[in-house]
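Given only the sequences and the hints, what does the whole structure look like? Please build it.
2 protein chains.
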Amino acid sequence: MCQLLGMNCNTPTDICFSFTGFQTRGGLTDIHSDGWGIAFFENKGVRQFLDPQPSSTSPIAEFVRNYPIKSKAVIAHIRKATQGVVSLENTHPFQREMWGYYWVFAHNGNLENFNPDLTGFFQPVGNTDSERIFCYIMQSLRNEFGDKYPGSDKIFAHIHKISLELAKIGELNFLFSNGEFLISHCSTRLTYIVRKAPFTTARLKDQDLSVDFGDLTTSQDRVAVIATTPLTDNESWQDMNPGSMVMFKNGELVAEATTHAWTKKVVTT
Amino acid sequence: MCQLLGMNCNTPTDICFSFTGFQTRGGLTDIHSDGWGIAFFENKGVRQFLDPQPSSTSPIAEFVRNYPIKSKAVIAHIRKATQGVVSLENTHPFQREMWGYYWVFAHNGNLENFNPDLTGFFQPVGNTDSERIFCYIMQSLRNEFGDKYPGSDKIFAHIHKISLELAKIGELNFLFSNGEFLISHCSTRLTYIVRKAPFTTARLKDQDLSVDFGDLTTSQDRVAVIATTPLTDNESWQDMNPGSMVMFKNGELVAEATTHAWTKKVVTT
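Line order of the protein sequences matches chains E and W. Residue 1 is where the first sequence starts when you use the numbering used here, and the numbers rise one by one after that. Residue 1 is where the second sequence starts when you use the numbering used here, and the numbers rise one by one after that.
Calculated directly from the structure, the hints in this document are not laboratory data. It cannot be assumed that every hint is accurate.
Since the list can't tell identical chains apart, any single copy or any two copies may satisfy a pair.
Straight-line C-alpha distance at most 35 Å; calculated DSBU-like pairs for lysine-lysine [stated by the list, open to error]:
(1) Lys44 <-> Lys80
(2) Lys168 <-> Lys44
(3) Lys154 <-> Lys70
(4) Lys148 <-> Lys205
(5) Lys154 <-> Lys44
Rendered as structure tokens:
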């Protein structure tokens, strides 16, 4: 099993604090030592750092932790291999282009014997179930909507439909983003927090580190952080229900789906 | 205009020495200060570092220069913007997946008014002529060969055909690789060197730095380095002829094309 970390905000924000706690789970405070990766969107561009080494000892992870890259959408992953060897091509997050956007995907879980027909435009490079799931979602979106970007609501509804099918096969927690929005699907474990004014001090669970977000933010800032388990021990994280899916845009939860239906939230900006 | 750097070898090799000279051209010894990027293949996986900052002052470039990532195929680029703003999505090298391989492309030159129909599976994310050229090549390869990877020789021949068309429009120096081979097309300026035993000492042109490759290699190693202009001043670099294209595999030149025809080299391993 693996661990996921996501961030979505209304203003470019660095993820150094959250990543500091997350990084130690890759071989130090937890067992996820089969590689790690992180993708930062900056407008439509994406910057990705991937490393098959454990994040707790990876020089690249150390660099990322100390170098504040500001982004409105981030997806990170630390890996405990279930399917596929430990190698660069099996390291999450995965990335593909569609409709003139880059799409980034990271998965926690295990879909045994999931071998869909992927002989078209989205073929896996490595040999994980996770990359096959990503390619399957991309292929299905493309088959459904053709050449043109259909917008976030239609994508959310379609991925919700696919996820209901796939979650029958096995554990399927994932993060998915094109930089404009971030979708989070929970099959067993995912939790999130939306930080906004008045900002307070947060204290990491996995390291002796606190930060007063009041010093670093303006009253307009809004930052959603999603993780497999809470990263801080003095804030209220919202556990997602198994079978639910949410979408964040500009740091705000804008859509929510259960196993039965999904609703669009009224945005209260 | 921009500068290109490529490497292809028969054993995973770090590019720290060549990158040290190359990096200084991004704003220090030369004017290419509108971003830089580098892609390292490791088997079928690829690790990419992209930064819209000048490479001479980029902390990520400094990290890459000092951290020896071993790879058999590398493509790097420093940018002097001609088309498209300075931004992450316009930073080379560009990457796409096709046939279960990642493909990486970087371009030096300028194709004015090059706006091919790109509404299918390879759409540009940014707004450079370079990314449009890459998408056009990928689309054309896919249209020609369908769902299945056709192998390097057919790809070389087809890209040669496309390049003859495109080079009529403007300057088209590029590097293209899937990790198994590296294609280099020269429209105006590209030069290469193949280092093999007996290895000697090389001295950088752009910085006061020498390295004795005899200390770092075995007698079986073979390393091809391709650059816009020679990176060292005490070795014999082979200038490519305008209109020519070469392919390297395992550090060896295996195919060469002129404006008229292409020949497959007899590999003498």
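Against the structure, the hints come out as follows:
1. Lys44 <-> Lys80: both (30 Å within a copy, 20 Å between copies)
2. Lys168 <-> Lys44: The answer is both: 33 Å in one copy and 31 Å across copies each meet 35 Å.
3. Lys154 <-> Lys70: This pair counts as within: shortest intra-copy Cα distance 28 Å, inter-copy 43 Å.
4. Lys148 <-> Lys205: neither (43 Å within a copy, 49 Å between copies)
5. Lys154 <-> Lys44: both (20 Å within a copy, 33 Å between copies)
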